[in-house]
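One letter stands for each residue in the lines below.
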Amino acid sequence: MAQTLKPGSGPLDYGNRTWLKILFAAIFFALYAPIFTLIAFSFNTDKRGVVWRGFTFDNYVKAWNNADLQEAMLNSLTIAFISTIIATILGSMVALVLWRFRFPFKAGYEGVMSLPIVIPEICMGVSLLLFFTNAGMMAWSVSFVWPFNLINIIIAHVAFCFPFVAIVVRSRLVGFNRQLEEASKDLGASEWQTFWNVIVPFMMPGLIAGALLAFTLSLDDFVITYFTSGPETVTFPVKVYSLVRRGVSPEINAASTALIVITVVATVLAMKLQAPDKSGKG
Amino acid sequence: MADAIVSLRNVTKTFPGGVKAVDNVSFDIAQNEFFALLGPSGCGKTTLLRMISGLETPTSGQIIIGGEDMALTPPNKRPTNMVFQSYAVFPHMTVADNVAYGLKVTGVPADETKRRVAEALEMVKLTHLAQRKPDQMSGGQRQRVALARALVKRPKVLLLDEPLSALDAKLRDEMRLELTRLQENVGITFIIVTHDQDEALSMASRIAVMDKGAVQQIATPSELYEQPTSRFIADFIGKVNLINARVVSSSASKVVCDAKGLGRIELPHEGPAQGDIAIAVRPEKLKISEAQPKGASAIATEGKVRDVAYFGDTSHVVVRCKDDLELAVNVQNDKRAGGAGVERGQQVWIHWAPEDTLVLTE
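Chains G and X are the protein sequences, given in the same order. Counting from 1, position 130 in the first sequence corresponds to residue 130 in the working numbering; the numbering is continuous, with no gaps. With positions in the second sequence counted from 1, the corresponding number in the working numbering is that position plus 1000.
In case anyone wonders, no lab produced these hints; they're calculated from the structure. Quick caveat: nothing in here was measured; it's all calculated off a predicted structure. Treat each hint with caution, since some may be false.
As the list claims (entries may be wrong) - The calculated label-pair distances, taken between Cβ atoms and stated as ranges, are:
#, chain 1, residue 1, chain 2, residue 2, range
1, X, T1012, G, V265, 40 to 46 Å
2, X, G1066, G, V265, 53 to 59 Å
3, G, L74, X, T1057, 53 to 59 Å
Every residue gets a Cβ at the ideal spot worked out from N, C-alpha and C, and that includes glycine.
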């Protein structure tokens, strides 16, 4: 009689092995415990935020009414909003060019295009700072009225966000049935009509996913923003950093939790939209 | 041809890399024809269809549709519409929107669009599914959408690229009948590309057989079957027994030749004065008998049954004769008892009328 396998000892039963379970638990603990602590302490009544004293929503109210945090959040959202729009347009145009055309040095161009993804943020921050300083934009943009004084940060954010959009949109386009485009032209549509009526609707999930990705990246970026923001402009992550230097208050916990929620929602939406589907096969 | 709707003049297409997909093709397609481009895969038939639609441009030659040279006319301005092999139904639009698309983009007024879409859906029996999305439909239904979407434009020529290849066998038979019916009703010239000879023979009024980028023969289905002009056609369309032979003598109405396994035979055809030829005879024209047939006129040979395959309505019998000549014979199982009436290993005679034989020189 064949020997029966003990539960959990089958070749694919990794999940049932005790040591693996412990490892998983340890990893998840290390990853998420700090975040959950942050969230939990945002509801703490203790002012110093070190000991748990009781549950309250006061920190959220205080954070909401903090004029400095408000200004920083407004700046962050404005920057994220504008740079997302520009990055999405640029990124999808790049994706279309790479998908549609063959041209010399295409592989090289693709590599260079995705450099901002792999370059260490600190290098990107320094290089952008040098660029803006030498171009005189650092001093120049300060004189603009809001939101135009954010232009340096917006340019910087577009620069590191658009490759993400391009990659997401391009992977969506790979599944496009070229006969749809041909059918559209055959039915009397011009190139332009075909683009708007057939290609854009097909790209839409990729466009939205890319835009949400760009939005979250821009919203929580610290390093590049820190380098490229002038003395006057403060974004939310930069503001949080400056407050933390004077000690962590539950107020910051509350504000950070709000940021986490925005980011998580956007990311989950983006991943949902990116999931492969059957449409587009004609 | 005086009433040609499509005329091809020395059309050639060379792809980058030097592959000649279509090589100097010229023919005319008449108004209201159901014309089939038939050939093995890679013979250039789809490229030819795409050139007629404008999705591909010929390297040289002329394509004339409705009396106008189409050289400078892009696909969206041509009086042709295509049903794609993948159907290419727009996935983000409902059935009705799909059908309306071609009218909307060309600025047909909304009320006329509505009326014509309703007519087209009626024609392909999809009225009840007008608000469905394509991903909730079967392959056959999506194909009807593609058909309606093309026909609603009232093209002069409807182009169909392998329209039945993605359907299962039963649906294919249904669709075949429906396409023929549709073509008669709408009175539009249909050009269909197919690799399936049954499809071409049963639907088309005329067939162009293509091979290696060139047209081998253009004829009606029955001419193609009964009077193929080359071994390739005889072999490609249906089944055939091809027997090598050498001409002994010939006159205007008679060829005498020595055929492998058959000896010296006389055929009532004109033929070349000398050289090697092939004689061809279809399996259903052959008769099997146990005794030597009487009457001198028939071509007859003796052999041993090697194989009997039963297909219900017919049986396919393979008989090995002299000189290793193997002949395929189709027997109608017209009685319930007995099947083909022969068994493997049995010694039989095969005979047929000389006028059922073809002489092929190419």
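So, going through the hints one by one against the coordinates:
1. T1012/X x V265/G: 40 to 46 Å: 59 Å, violated
2. G1066/X x V265/G: 53 to 59 Å: 58 Å, holds
3. L74/G x T1057/X: 53 to 59 Å: 56 Å, holds
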